[in-house]
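The whole structure should be built from the sequences, with the hints applied where relevant.
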Amino acid sequence: MRQLTAFVLLGLAVVGYGQSSVRSNIDSQYKKWAKAAVQNDVDTILDILAPDYTLHTYTGKVIARKDYEASLRKRKESKQPTTAYETKIASVSVQGDTAKVISDETSAKATIDPITGKNLKMIHIHRYLDTWIRQAGKWRLQSTVTQVETTKVVPAGK
1 MRQLTAFVLL GLAVVGYGQS SVRSNIDSQY KKWAKAAVQN DVDTILDILA
51 PDYTLHTYTG KVIARKDYEA SLRKRKESKQ PTTAYETKIA SVSVQGDTAK
101 VISDETSAKA TIDPITGKNL KMIHIHRYLD TWIRQAGKWR LQSTVTQVET
151 TKVVPAGK
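Take 1 as the starting number for the sequence shown in the UniProt record's numbering and just add one per residue.
These aren't lab readings, by the way, just hints derived from the structure by calculation. Mixed in with the good hints there might be a few duds.
Said to hold, decoys possible - Simulated crosslink set (DSS-like; lysine-lysine; CA at most 30 Å straight-line):
(1) 121 <-> 152
(2) 74 <-> 152
(3) 158 <-> 109
What the hints assert, rightly or not - Label pairs and their computed distance ranges (CB to CB):
(4) 82 <-> 145: 15 to 25 Å
(5) 118 <-> 73: 29 to 39 Å
(6) 119 <-> 73: 29 to 39 Å
Glycine included, C-beta positions come from ideal geometry on N, C-alpha and C.
In structure tokens form, the structure reads like this:
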């Protein structure tokens with residue numbers, strides 16, 4: 001009985017460590033993506049995406065990888081600035097080489113109230129259900145499903 005208990009506890013420790021490692025690796029990918037997005041580094045973003053990547057918008061539209069790539073390249077060519085954002089992982093569930101991640105992406109943009117003329121900050125939050133797959137030794141994003149989009153406006157400086 002003691003050996004069985006030790007074996008089960010060891011197994012749970014390995015699973016816990018594995019999920020922690022997966023979370024850390026995927027968090028690194030999110031950070032790499034955020035940095036690449038600000039720099040309009042399309043190739044780095046595409047390297048993070050699986051070949052069959054799809055983005056499901058909040059309205060239900062499905063954007064294939066090729067179309068997402070085209071929009072990234074168009075933005076880069078137009079030299080449009082991108083909005084900086086931060087992604088935080090809310091939860092991770094791992095099954096073999098697949099990880100389901102609920103993440104919150106937050107960005108902020110300065111704006112001016114058209115009526116009062118006061119400086120404001122618009123905070124956008126997107127909650128995603130991301131499916132990551134382990135391919136060739138690294139985690140790649142296979143699909144993103146937008147679950148919730150929210151925007152709040154606060155006084156600038158908050």
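List of violated hint numbers, smallest to largest: No numbers; nothing is violated.
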